[in-house]
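Student: Now for the letters of each chain:
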Amino acid sequence: MRQLVILGIVFALIGLAPFVIASEFWLNLVIMTLYAALLGQAWNILGGFGGQFSFGHAAYFGTGAYTVAVLQVQLGVNPWLGLVAGGLMAVVVAAGIGFSTFRYGLRGSYFALVTLAFAEVLRILSNSVDFTGAGVGILIPLDQGAANFQFVSKQGFFWVIWLMALAAFTVVWWLGNSRFGAQLMAVRDNEDAARALGVSAFRVKMGAIMLSGLFSGLAGVFYAQYFLYLDPYIAYGPAISIESLLVPIIGGMGTLFGPLLGAVGLHLISELTRELIGDLPGISLVLYGILLVIMVLFMPRGLAGLVNRLRPKSAATGARHA
Amino acid sequence: MTDDKKSAGIVRRDFLKTTGAAALGLGVTGFPAVLRAQPASVKVGLIHPVSGFIAFSGNQCREGALMAIADINAAGGIKSMGGAQLEAMLGDSQGKPDIGAAEVAKMTEAGVNSIVAGYASSISLATSQEAAKTNTPHVVDVGVSDKIVTRGLPNTFRFGPGYGKIAEFAVDNLDTINKAAGSPAKTAMIIHEESLFGTGTANLLSQKLPEKGIEVIEVIKHANPTRDFTNIVLQIKAKKPDLIIPANYYNEYVLLARTMRQQRVEAKGIYSVLGGAASNYKFVKEFPEAAEYIMDCNHWFNPKSDVALQRKAAAEAKGLVYTYEVFLAYNAVLGLADAFERAGSTDKDAVNEALSTSTMDMSYMPYGPTKMEGGQNQGAQPVNTQVLNGDIEVIFPKEFASADAVFPMK
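Protein sequence lines correspond, in order, to chains D and P.
The first sequence lines up with residues 1 to 322 when you count with the UniProt record's numbering.
The second sequence lines up with residues 1 to 410 when you count with the UniProt record's numbering.
Where hints are given, some of them may not hold.
What the hints assert, rightly or not - Partial pick of chain P residues on the chain D-facing surface, computed with a CB cut under 8 Å:
id, residue
1, Ala105
2, Lys106
3, Arg151
4, Ser183
5, Pro184
6, Leu196
7, Thr199
8, Asp228
9, Thr259
10, Glu393
As the list claims (entries may be wrong) - Footprint (simulated), chain D over chain P, 3 or more residues, beta carbon under 8 Å:
id, segment
11, 93 to 99
12, 324 to 334
No lab work stands behind these hints, which were simulated from the structure alone.
Cβ coordinates follow ideal geometry from the N, Cα and C atoms, glycine included.
With these hints in hand, go ahead and build the complete structure from the sequences.
Tutor: Structural data, given as structure tokens:
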């Protein structure tokens, strides 16, 4: 319950952003940080809590994004309905991938490679069929208005991503305090032992991948409505899969606040390096990469681990169980 | 943010201490009053993919735009604004639309007066849309997707040609060149990269070539990057098309052309549309055998214009390869400067209005009279080039041609 209170306070503080930040640029940075935290938390459900390392979360992200875009452009469906459809389609794709991998007991690097392959297959498919616009991509017509999920100011987008992220973080808090979450972590720590205790590993992992897919899909819907343009590389490309796993790895896998810390850390580093040496092409990316390597080397438990180390021992012990 | 404010405050205080006294002294000693009335600079945001997989083209764009800014400033700046100097604000989209849009937001906060962006169509779509939210004038330098200027954004303009025009021009001229040679080309294969540029080009050509009596026997799409074209070239050899039509970025174009040369592919012609390397001096210089006789339909300068040749020489003196990215970005900045000149202010509505009524003289390009419709310069058109004797020659339209087409290839 203590973590839920902290979560509430953190999101309440983040919720002050539109009232205290006048700059569209800084508000955009907060929005993109929340978006990265959502992507990271989605991955964290399956990878951090379930121990199933996915290299293909772009499959769910892209499905959510393309669903809202295609429904809108090809069939004239309102994007708010597309939001629901995008989330559900991502769940369906996640269920399909989960069934075809967990059913046959794929684990570890095999599971990772298969998820990567699924994302690539979807990228190639979306690059080939007409209704996604193929390689030309799909452009959502600019028609600003809250009814069209195209807010005139960034504040509208802020509240949407804030709500999505809050929902994802609340679900993860629930995971840490529920029977389902305990079963999921038991499967992560020792699947055979969990099975021996009567846990249905397949059912638990299916639940985790579908939850994970739902939030990745919602992130995809948000991206599509925020930038109004998609192509196969943007939607299903490896960049999304990498960002999804990098955020919790940097922040702290299997922790509630890890993805938020990771998203803040990554965006701050990215912005700082661009501000410091932005005019020298590519150098900021080199510095970004070096900082990431240093963080991974010296903070194997991520930023959340560092926070725990810096806290008094009694508090840290309590937090580790959360 | 707090740190920024602190550092800005310290700098400002120190600056005022030292320069205030100096300025007072100069005023007393009768230094020209003009120093005290310098017009504010006009901020031009340059957002290009200067890192990432299209960094070469992005850097070329940036260099072209910076050259234009330097030339305009050296010629007295924006005269209707008291000689206001153009000031470049540099941004890197890293080849990603979302980062390009974020750069626009950042520059808008920093008081940018206009934007020139973003090389790739997908990035230009994102940057122009973000700029539209604040009505900031936005000139697209290279992005050729027609969608960029058909969305009804009142702030988005393009002085160069778009896909529709280029594809139509490419097909018509290919037909003319083919008929002039007795119609030897009856079949074609299209090899294109998988993104918006290559796919869009392939789709348009697949529709239009059959209308000219040229059957498209195969369309092959490849990923970016592709580092081995052997299989694709073997397919070309097996199909024996009369024409090979590549539409891909620089690296893939070079590899494809070299592999075709190595595999001794025999075709009556290689005819690119917006070929990544076919109209590129770097390719012609480094791989002269692979480049010889390749025809292209692409952006190009007017080889009969002294102004264009002077700009080419100036770019080469700076060590630049004079590619279309350089002169299209240069032109985009010229178009903006012309609009500021006629608007006489940085008022966004006034500058957008000036851009929409632009009749800028672009005789250094092989264009007709400049006339904006929906943000698109209707006078813009590509040309046909061909690599002949290790140089790039314009072969069509005739009024701009510097050589005659060699077709079929020898």
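Student: Hint by hint, which ones does the structure fall short of?
Tutor: 4, 5, 8, 9, 10 and 12
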